[in-house]
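J.: The listed protein sequences derive, respectively, from chains A and B. The first sequence: position 1 = 1 (this note's numbering), numbered continuously. The second sequence: position 55 = 55 (this note's numbering), numbered continuously.
Calculated from the structure, these hints are not laboratory results.
Straight-line distance between alpha carbons at most 30 Å, and here's what the computed DSSO-like set of lysine-lysine pairs gives: (1) Lys-290/B <-> Lys-76/B; (2) Lys-278/B <-> Lys-160/A; (3) Lys-271/B <-> Lys-131/A; (4) Lys-279/B <-> Lys-78/B; (5) Lys-198/B <-> Lys-160/A; (6) Lys-278/B <-> Lys-191/B; (7) Lys-112/A <-> Lys-254/B; (8) Lys-131/A <-> Lys-98/A; (9) Lys-134/A <-> Lys-279/B; (10) Lys-290/B <-> Lys-235/B; (11) Lys-134/A <-> Lys-268/B; (12) Lys-272/B <-> Lys-134/A; (13) Lys-80/A <-> Lys-167/B.
Listed here are the chains, written in short residue letters.
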Amino acid sequence: MASMKRLTTQLMTLIAAFSFQSASFSQCAAPADIVKAPKDKMQYAVTSQSRSGALVPGENYEMSFIAQDGMDYRISAAAKNKDAGSVSFEVYEMVVQKTEKDGQPVYKKVKKVIATSADGENEPVEFTTDKARKIVVKVNLTGGDPKSNQCVGVLIEDKKTTKIGL
Amino acid sequence: MNKMFYFLLATVPCWYACSGSEKKEAKEIEVEAPAEAHEPAAHKMIFNIPSPSEQFEIISSLDGVKNTALVNSPDKAKTYATEVSKALNFGVYIADVAYLTSYRETSKYMTYFGELEKLGTDIGVAQVFGKELSDAAKKSGGNPDSLFRLSDRTYTKSFQRLIDIEKGKELSLMLVGGWVESMHLILGSSKGFGKSPKIDEVLTDQKLLAENLMEFLLDYQDDAAVAVYIGKVGKILAAYDQMDCTESDTQVSKSGNKVSLTGGNSCKMNKKTFDALKKEVSAVRNEITK
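Chain A with its partners taken away, still in its complex shape:
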């Protein structure tokens, strides 16, 4: 019900805000048109933090999003064209690590890898968090024509975490 409220809000807002002619300005299709979300009964909904863009094979692209407390997330990525190459991604968080240097505490932000997509398999990554976090998705496109940009979508879906227990 809450998700429906959210989506209805978004729709109504956008109808009001973005009337007039349809346009094909975007370089790439919307993430939900590129990445086919798994068909299941998990009740995930596409979030506004999903993105798509033109990527060059062999290079890394990163996007940061906010994972909210009390939500489960599912991340998937794919290329628009099947012959574009293989899309893989890594999900990580930057965390502060405390070490010592000359007896003094030194704080360093380091990468903590949460999950990676399986090589060659476009399996989504699902995670749940006990608090809000800033999460980074690093996307890599390999194997395609290095001279040709390819549209890649990163789909971020969420749903309310199911509370376990009586």
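Based on these hints, arrange chain B on the given structure of chain A.
T.: This is chain B only, laid out in the frame that chain A set:
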């Protein structure tokens, strides 16, 4: 962009983290190089924040109180004469509509649509969607399931297309207006510091959103109006310096296909921060909506 960011980081020493298990003090934090030598260089990072409706979906079910008097009156829309005030208040009204809808105040939110359309037309963002969306909405016949599927896609599309058609400045100001109004509504929904503990947590989490918003804005800092609001958002962010923070390692565990994240750096709202946020947000919000 990075230079500006690290300058801001230096002026707001506790944006990112807090020291050990003891209460933290301002300290320098080195940032590990994101790419190793053998890896291809990463392109610049894209920064996202949840839409107001995604936030209010959660917030409306927490321990705050509904207060529809908090929203900005749609009657004021005609008084916004400059491109900057129109873009900022376009964002404000989007957050207001999200807030009203989350509390099912349907009669109130309907009054906002005409004003949103006018403001959107004036700042040149109305062409982004339109026919495609309204046609689809008509076809849905008000069916909640159809609306559900449709609107998820359109919000994301609008964001991307505004960047594609070089409306990044307008999008930046809209995001500032939307975030400041969201903060104003969250603070106004609280029964007071400590009396709505869940709302206190949401306010704490807003620091992460503000950081990502700041990163987004830095891409458009060459625009004078965006630069002004980088300073104002920075001032709100500085209010978070007074939070009580502790550190622990982030734990990553896996059960089946699902990863669970627990622990990590954690901050708690306190009265000093709550009051400082209220003061700073109120000042910026009043300036935007006056």
